[in-house]
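Now for the letters of each chain:
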Amino acid sequence: MIPSIPQPRLIRTAYGAYIVLFFIYLALPLVVVAAFAFNDSQFPSLPWEGFTWNWFFGDERPMIGVFHERSILRAIGTSAFVGISVALLSVAVGTSNAFLFNRYQFRGRGFLYVLMLLPLVIPGIVLGISILVFSSTVANGLWDGVKYDAEILRPGLVLVILGQFSFITTIATLVISARLQKFDQTLEEAALNLGADRMTAVRTITLPYLMPAMVGAVVVAFLMSFENFNTTLMLVGSDAPLTIAMFDRLKEGSTPLLNAVSLLLMLGSSVLALVMIAFQRKG
Amino acid sequence: MRNQARLGFYLLLTPLLLWLGLLIIIPHIDMALLSLRERVGVGRYASSLANYGTFFGEPLYMWTFARTAMMSVLATVITLIIAFPVSYYIAKMAKGRTQSALFLLCLVPFWVSELVRTFGWMILLRETGLFSSLLQWAGLADGPVEMLYNDAAMMVGLVYTSMLFMVVPLVTTLESLDDAVIEAGYDLGGSGFSVLREIVIPHAMPGIVSGSIVVFMLSLGNYLTPTMLGGKDSLWFTELIYSQFIVRFNWELGAAFGFMLLFLSSVIVWGTLRLTGQTLEKTMG
Chain W
1 MIPSIPQPRL IRTAYGAYIV LFFIYLALPL VVVAAFAFND SQFPSLPWEG
51 FTWNWFFGDE RPMIGVFHER SILRAIGTSA FVGISVALLS VAVGTSNAFL
101 FNRYQFRGRG FLYVLMLLPL VIPGIVLGIS ILVFSSTVAN GLWDGVKYDA
151 EILRPGLVLV ILGQFSFITT IATLVISARL QKFDQTLEEA ALNLGADRMT
201 AVRTITLPYL MPAMVGAVVV AFLMSFENFN TTLMLVGSDA PLTIAMFDRL
251 KEGSTPLLNA VSLLLMLGSS VLALVMIAFQ RKG
Chain Y
1001 MRNQARLGFY LLLTPLLLWL GLLIIIPHID MALLSLRERV GVGRYASSLA
1051 NYGTFFGEPL YMWTFARTAM MSVLATVITL IIAFPVSYYI AKMAKGRTQS
1101 ALFLLCLVPF WVSELVRTFG WMILLRETGL FSSLLQWAGL ADGPVEMLYN
1151 DAAMMVGLVY TSMLFMVVPL VTTLESLDDA VIEAGYDLGG SGFSVLREIV
1201 IPHAMPGIVS GSIVVFMLSL GNYLTPTMLG GKDSLWFTEL IYSQFIVRFN
1251 WELGAAFGFM LLFLSSVIVW GTLRLTGQTL EKTMG
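Chains as they are written, first to last, in this note's numbering: chain W, 1 to 283; chain Y, 1001 to 1285.
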């Protein structure tokens, strides 16, 4: 079935209707989450009690808006910190990996490449517990051996960052590799012929070429970190990132405050996605 | 020059080895060792298979394990069936701007966190939710209808959450199919169905395989959707792992559970790759 081959009208209409239904299905949960952020009620459900901005800006009980709710603001800050750390770390290592796999032929290359892909097929929760187990083994060993209490190896932000980094790096590597593969190496050779040394050639020719992919990888890594749940759940300590904080609240029962946070999240990620698309067009 | 190249090689190799070694390989070995350990007294441990014995001996654990596997396979199949016509439409029927707009629309829901998507389904399906009110308003139900906290609700959530990971690989492979090949199929007397079976699906196989693997993995390892949308009886295996680690503090048993989950997902991923003649490098890389 392609446009150049005529089909009965009924089939075409049914197909079109199916596509419309599919997009309604995709949009529906997000639309209701966004809409109920403005409901002037204690619960994100019908009946509709009227329009209000209180779930964003309200500052007295029972309607404390997002911008006055300290615990949510702190959780957003924590998530942003984790996201930026993970994004920078994973893109740095990802770029290094991309150069390694594209520029060098060595024994064990194929094996290492498969190993590099593995984090994508390990369930996130298993990644989380394995890192939790290993870090406590090390921390306990340090305590038994030299009586040093390695606080950073206990559940907390450092472990959350490491846990997310462990699989987001694979994605960063794939994104950057894809662009590096298309790079014309003779450009670098030309720079060498013109008297540049290797570092200068890479810095002035190859890295600018890679920039769109690196920015894309930073954005993707940041978003993946921001919305990660499974790995974070196992490694989190006392400062909860936003997804964990929202999960804890959702378990106790929801208020439209959560809708307001969700709407802000949607806006934030759309803006980031648009920035990335604009950047890629230019590159 | 030669030495410099070698130095560069080792400089690039080090981060890779540190990452894979310290965060992937050694932690998994450590977890395997932990799962083979049994607590025999205060601070005293012996190596044994007791944790795996507990797993195979307790019907609840085995049952949850099997159920999680079956439900994940089911979620994968449903996602594939829903996503295929849509991906085909985007790749082959829509052209130009419409095509990229539709593709982008598919991506949008997945820029927001899984938590928000699950929350959306809770608002729609719960007793005081939108669907329930709609049914009452239309006169199809007398009182509030609870649609949340059962397997169907959980399935809706799982399929929704992983849709993107099926659509993207399918669209990519279907786009590379030349229209002329489909036309040739029709010219040679094929019906719509035989063209689909003998041309389109074989061509889309790499996309179907990689999409299915990712969707299966995501469903199997999902914690949020079964917890929030599933009911008391729809226990998910990840919930058992969580409760052993965080609630009961029985890390040895939890590690054994983690290994069983890893084993299951590896077997299924490996089996699918073997059956369809694909490789991990080709489907993921």
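Simulated from the structure, these hints should not be mistaken for laboratory data.
This one's a predicted model, so the numbers in the text were calculated from it and none came from an experiment.
Errors might be hidden in some of the hints.
What the hints assert, rightly or not - In silico SDA-like links for lysine to any residue, alpha-carbon gap of 25 Å or less:
1. W:LYS251 / Y:THR1128
2. Y:LYS1232 / W:THR255
3. Y:LYS1095 / W:LYS251
Quiz item: Taking 25 Å as the top limit, are the C-alpha atoms of W:LYS251 and Y:THR1128 close enough?
Solution: Distance of about 16 Å is within 25 Å: holds.
Self-check item: Restraint status (C-alpha distance of Y:LYS1095 to W:LYS251 at most 25 Å)
Solution: violated (44 Å)
Quiz item: Is Y:LYS1232 close enough to W:THR255, meaning Cα to Cα at most 25 Å?
Solution: Holds - the C-alpha atoms of W:THR255 and Y:LYS1232 are around 23 Å apart, at most 25 Å.
In terms of the numbered hints stated before, the structure departs from hint 3 and from no other.
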